[in-house]
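The listed protein sequences correspond, in order, to chains A and B.
In terms of this note's numbering, the first sequence opens at residue 257 and continues consecutively.
In terms of this note's numbering, the second sequence opens at residue 8 and continues consecutively.
In short, the hints are calculated from the structure, not lab data.
Think of the CB as a built atom: it goes at the ideal place given N, C-alpha and C, for glycine as much as any other residue.
A few of these clues could be false.
[Unchecked claim] 30 Å max Cα-Cα, derived DSBU-like pairs, lysine-lysine:
(1) A/Lys348 <-> B/Lys570
(2) B/Lys570 <-> B/Lys531
(3) A/Lys348 <-> B/Lys349
(4) B/Lys366 <-> B/Lys633
(5) B/Lys368 <-> A/Lys338
(6) A/Lys354 <-> B/Lys349
[Said to hold, decoys possible] Beyond 12 Å from chain A on every Cβ pair, some chain B residues (computed):
(7) Ser56
(8) Ile74
(9) Val103
(10) Cys147
(11) Thr252
(12) Gly287
(13) Trp398
(14) Arg442
(15) Leu467
(16) Asp473
(17) Glu503
(18) Phe504
(19) Arg614
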Amino acid sequence: MSNWFRIASAGSVPLREGRSVTMGEREIAIFNLDGSFAAIDAACPHRGGPLCDGIVTGSSGPSLVCGPLMGHAVVCPLHGWKIDLDSGNVLKPEVSVKVETYEVRVMEGVIEVKIPESKTRGKAA
Amino acid sequence: MRVAGPGKRAVVIGGGLLGLEAARGLQLQGCEVTVIHIVDTLMNNQLDSTAGDFVKRKMEEIGIHVIGGQRTTAILGRDEVEAIEFSDGERLPADVVVIAAGIRPNAELARAAGIECGRGIKVNDFMETSDPCVFAVGECTEHRGEVFGLVAPLFEQGKVLAATITGNKEPKFEGWKPAAKLKVMGVDVFSAGEFLESAGTDVVRYEDQATGVYKKLLVRENRLVGCVLVGDAADSNRYMDWLRTNADLVVRRRNLLFPDAVEDKGESIAELPDSETICGCMGVTKGKVIQAIHENGIRTMSQLKECTRASTGCGSCSGVCEGLLKAVSPDFEEDTRRVLCKCVPYTQDNLREIIQSQKIKSVQEVLDIYGNGKGCEICKPALSYLVDVVWCGDHDEDRSARFINDRVHANIQNDGTFSVVPRMRGGVTTPDELRRIADVAEKYKVPLVKVTGSQRIDLLGIRKADLPKVWADLGMPSGQAYAKGLRMVKTCVGTEFCRFGVQDAMATGIELERRLENLFTPHKTKLGVTGCPRNCAEVTVKDIGLVGQDGSWQVVVGGAAGKHVRKADLLITVETTEEALDAAMLFFQYYRENGHYLERTYDFVERLGMEKIRKDTVYAQAKEKKALLRRLQKSKALSSDAWLERKQPVNPTQFVQIQPMQIPLTASENREVVLQ
Chain A
257 MSNWFRIASA
267 GSVPLREGRS
277 VTMGEREIAI
287 FNLDGSFAAI
297 DAACPHRGGP
307 LCDGIVTGSS
317 GPSLVCGPLM
327 GHAVVCPLHG
337 WKIDLDSGNV
347 LKPEVSVKVE
357 TYEVRVMEGV
367 IEVKIPESKT
377 RGKAA
Chain B
8 MRVAGPGKRA
18 VVIGGGLLGL
28 EAARGLQLQG
38 CEVTVIHIVD
48 TLMNNQLDST
58 AGDFVKRKME
68 EIGIHVIGGQ
78 RTTAILGRDE
88 VEAIEFSDGE
98 RLPADVVVIA
108 AGIRPNAELA
118 RAAGIECGRG
128 IKVNDFMETS
138 DPCVFAVGEC
148 TEHRGEVFGL
158 VAPLFEQGKV
168 LAATITGNKE
178 PKFEGWKPAA
188 KLKVMGVDVF
198 SAGEFLESAG
208 TDVVRYEDQA
218 TGVYKKLLVR
228 ENRLVGCVLV
238 GDAADSNRYM
248 DWLRTNADLV
258 VRRRNLLFPD
268 AVEDKGESIA
278 ELPDSETICG
288 CMGVTKGKVI
298 QAIHENGIRT
308 MSQLKECTRA
318 STGCGSCSGV
328 CEGLLKAVSP
338 DFEEDTRRVL
348 CKCVPYTQDN
358 LREIIQSQKI
368 KSVQEVLDIY
378 GNGKGCEICK
388 PALSYLVDVV
398 WCGDHDEDRS
408 ARFINDRVHA
418 NIQNDGTFSV
428 VPRMRGGVTT
438 PDELRRIADV
448 AEKYKVPLVK
458 VTGSQRIDLL
468 GIRKADLPKV
478 WADLGMPSGQ
488 AYAKGLRMVK
498 TCVGTEFCRF
508 GVQDAMATGI
518 ELERRLENLF
528 TPHKTKLGVT
538 GCPRNCAEVT
548 VKDIGLVGQD
558 GSWQVVVGGA
568 AGKHVRKADL
578 LITVETTEEA
588 LDAAMLFFQY
598 YRENGHYLER
608 TYDFVERLGM
618 EKIRKDTVYA
628 QAKEKKALLR
638 RLQKSKALSS
648 DAWLERKQPV
658 NPTQFVQIQP
668 MQIPLTASEN
678 REVVLQ
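Pulled out of the complex, with its shape left as it was, chain B reads as follows:
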């Protein structure tokens, strides 16, 4: 993993199940990946040649090269790998080589002890070896002539062994119907039982090159003996069930591949016993899921994941979990379909598409065309954010749809006054700035001056009408301490003065703040840059953090130290400061474009998952990265310091009360009028 990184050429020898999963993993680390397979058919232990071709095409589609029918004879290189060589003398350059060419049972110990071995340690149905005192389970065993390379049968063996050694010599391990599921996102492959035609076997087949879907069922005497699914493995559980129970298929014979969806979806889940494990990674049974749904009133997949951990591993059971949730929970809610609010009943993702495709540039237009025309305090600020980010700032700004803080660029306090926080990039200031701040505090009789947790100074209790004058006297830009946007970049002293510093945290933090300031984000965004792993700037609890190391930077995202405390996840490790700034900017723009309004980064990274975020940002194609940065630059170019509105207010009464033309006479004046 240390050597696998962006730009590295990785070669995986072996196009079996594990080889393909390893290839995808390397690709997600940023490598350019080639899979070398000894025959033309990928996963030839589970797939026929047509299915192998379908999988090959899928892998190529997601950007993994596949070379079939090649035998690797040598790995070349001096201190490090440089290339591999094939039997025909051809060479392929490589920085990383992963060998995934099958496993061989490690039976040496048993053999030396005189226990009977074949390819592996021979065991009977009770997991006993030839020596009555020795038992064996796992990949080292050979059972009825079979050896095992996958984890599923080993769980079965474990159960049988537990029974045997506790004196209950009843359950038997009677072999295993081989079943395999490729856990590569976007490449659905499932194979179980037999996969090659033979005499006396009927074949039921469907294939569609255009959609990449291939399904084949092998049926003997009206019973399923094997199946292969590529491109759509949604029915795998049902087929597995037919295989396991040896189900009689006479009545279903006419629609084996396309069973009636309505009756079947629920049925196949309903047929599973409660004790059935549906999430193998986390060991969650169907019964546990149902219990959790009832006891905790779970309505969404994300709640189910949080509560039971089901579907949080490889994720291949998410279809079953969702089906179960739909069937059991009376108020099932689609996670992604949560609408913004009842004024505009669309999801935020829908709304982004609508704003973009219909070229809508103002909040009111969205409300007029797609909503109730009026809007509310929830959807108006959200739509304000969406039109801004979709058009990169080139939208029709409507201040009436913004919260008061974004109309007057200050944070409203409990008495209707405002707080003012000038920008102090990286928390670095000067005596001159401090003098001006002190002068302002005295001149406007500021009731409270406070140092914030973000390395800045807050002036509290300022009247709205005084805001423009205060800003002018400060002569500093807005710190956006009121906005759902970039707040600040907290820094430590770094190499500048600190004797432990290994990176220039202050200069890097100030540069990062300059590049991102004045931009809006779904929620407030706090950044940090620290000059060594001691992390004095506490960047691992920031939305984006840069951790300086000797000769490299770690870029971390999704940290929090507010209502939630969450340690940030590593996005990428890079060598240069410029690369670190780029990674931070990629994530920043990606969050702007994909975060839901009011969703902090810590919820955002959990919703999308770091794998996806890495793939879409730092490991995205160069073209996509450029596009993200280009949109960020466009927004940046159209943004400006909000406090400059002191010179050019949006309207004449932006900061001031209306001065009436006529006023009512006071009581005493009234009396005078009466007396006259």
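Chain A with its partners taken away, still in its complex shape:
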């Protein structure tokens, strides 16, 4: 089961940047992507670097035509691992590792994130 949690006003995450928030035992990084938000686990699967401090980049090929349609990724500030913000897949280097992603929405100017209960419970149990 998952629940939506009210986090903070949309303005607290600057455009094209990320910020972390501690939700129980999870640390989640929320990104403002100009019109939408994304949320993933804040720790880089490589060495635990703070993904909320990374530079937000495009996530697919070089074509200018598909520019606006391109997805987003974040680059870990420690060693440059690149993580797709939509799927959580690691794009660089080529490893089959995934970062957990969360649904995000903005309700009346407040960012809300959907967090599953199971993990909190499972860990504590």
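Using the hints, position chain B against chain A.
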């Protein structure tokens, strides 16, 4: 060279090949140069009068005065040169006089030994003199009535002599088709063979006053007997080849001056034999270049230069080398055309122009208009740097395009904490500062306090949220130890306490640091000032170094002691401290404006060459120097201590986590909920 320096008036007597090259050399040392030539035509041993006029105009364009038709009769002065005097009594003030009025063979020894001499020592085609036991080569010789003033025929003579004295009396020196190339950047002049019209000679000529291009070919019986090129000497190798091989030109007769570029460019290079030396300065043959390209997978001119040294001397063969590289390497890459990244496929030089001409003030605008709209971790910091430097700090700063270090003004560590290095100008501190640093270290339980290699103190392991409080408690400005910018100026004690010091290194270093701190550069920039040539501040391995000497300063640039170790090159020697600071600032701003992002000064000086850098900075026109300094001042005026953002954060969450409005209940709380 010692007396030739900025502001000195230099006179070169003799407007021949060597005179003009000497004039340019003196100009690059900063002298105001005048060339005096005895007739009106410059290089009259190689050029006709029209070509001479074209060259004269070119020289005047680059700022060298030329006086033709004047005979110098006297050099005046008491202990030092003061002026020269012409045959008509006119005088011209001068601080330096260089005589480049031709050479005379030094044949005295041979003459005294009874060997037959004319103007020089007479030699036959085997380089034998009249005495069978004596041989001669070089500028002292006279061969078939000719004497030689240039180096090319002497190489030929050397080869013949080597054969003769080793018993292989086969190769002959049969004279030399005189060929000369002026090695003055921006003044292309080439002359080979005959250069004056005569009976029975056809002239093929092209001239364009506006572009300064003059070409003349002399053809006799469908064979080239001479050529003169001014303003565009790109075809010199082909003409030289026609001359040497006595090529039949009947089929090419209609397009001698403008051969079809497509078929010809590769062809003329392809026609050269592998044994042909293409770089005379470094002695590199065509075969060696091709071999190096294949064996080392060379793709760019800079790789070729590094690997073979070809084209690193006078540089006049760079066209041939590049043509060869294009023809041989399957993945030839233009050096300067390397694009920043695929998000914005332009070179950094293009991007600077775009940002300037299109008046673009933010990274996102560049990406939206000229790129894919998104950017990446490579181009975003680079564009951040470019918009900052193009607008001298008057740009729209976008922190999202900056690396985390430049968002929170500290250096991220492997555990996500940060390091804090306060500014300690010139490495000079006080007991009060040290006490505050110690207090901060205790108060925030700083895990590691370390003295850095840059004469400062590093506090490591500080949490992001604590940064503003730490800065406030320190009460010191940011040392920018995280930035691609001015890091510090390392100093020695200098005259203050040291018994060997001859210059005030500390005060000078502190002043230099004050003038440049808080500014960004293409890569980190480390400076040093040392008070005597013992160089205790190790400034010859710094990006910019000032070496104090008794009564002067040496300003050196491009040193490194990191991934690369490189001894800095001398930029200039000046008398006063203020001049030394100025020279350092000129170079600093020049590097800011011309360096590629992430290019350290040691790569920068090698890419541009010290000659060009000197010419564009310390020896530039007063107007250009002022403009460089003005842009530096503008940037400086708009810069500030980054740590003041503790009082006025860029946004409310710049340093802190988001505090959620709702949090999930913990497992135990959950159980309570369920039980209720």
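Status of each hint after checking the structure:
For the hint linking A/Lys348 to B/Lys570, the alpha-carbon distance of about 26 Å falls within 30 Å, and the restraint holds. Pair hint B/Lys570 plus B/Lys531 holds up; C-alpha atoms about 13 Å apart against a cutoff of 30 Å. The suggested pairing of A/Lys348 with B/Lys349 holds, with an alpha-carbon distance near 16 Å, which does not exceed 30 Å. Of the supplied pair hints, the one linking B/Lys366 and B/Lys633 holds, its CA atoms being roughly 23 Å apart against a limit of 30 Å.
For the given pair, B/Lys368 sits about 28 Å from A/Lys338 by alpha-carbon distance, which is consistent with the 30 Å threshold. Straight-line distance between C-alpha atoms of A/Lys354 and B/Lys349 comes to about 26 Å, which keeps the hinted pair within the 30 Å bound. In this structure B/Ser56 is separated from chain A by more than 12 Å, as the shortest Cβ-Cβ distance comes to about 56 Å. Distance check on B/Ile74: its Cβ is at least 58 Å (rounded) from any Cβ of chain A, clearing the 12 Å threshold; non-interface status holds.
At roughly 55 Å from the closest C-beta of chain A, the C-beta of B/Val103 stays outside 12 Å, upholding its exclusion from the interface. Every CB of chain A is more than 12 Å from the CB of B/Cys147 (nearest about 64 Å), matching its label as outside the interface. Non-interface call for B/Thr252 relative to chain A: holds, since the shortest CB-CB distance, roughly 49 Å, exceeds 12 Å. Listed as outside the interface, B/Gly287 is consistent with that label: its C-beta sits roughly 44 Å from the nearest C-beta of chain A, beyond the 12 Å cut-off.
In this structure B/Trp398 is separated from chain A by more than 12 Å, as the shortest Cβ-Cβ distance comes to about 21 Å. The claim that B/Arg442 is not at the interface with chain A holds, since no C-beta of that chain comes within 12 Å of its own (minimum 32 Å). Against the 12 Å criterion, B/Leu467 stays outside the reach of chain A, whose nearest CB is about 15 Å from its own CB. The claim that B/Asp473 is not at the interface with chain A holds, since no C-beta of that chain comes within 12 Å of its own (minimum 15 Å).
Interface exclusion of B/Glu503 from chain A stands, the closest Cβ pair being 41 Å apart, more than 12 Å. With a least CB separation of 43 Å from chain A, B/Phe504 remains clear of the 12 Å interface cut-off, as annotated. Every beta carbon of chain A lies more than 12 Å from that of B/Arg614, the smallest distance being close to 26 Å; the non-interface claim holds.
Of the hints listed earlier, there is not a single one the structure fails to meet.
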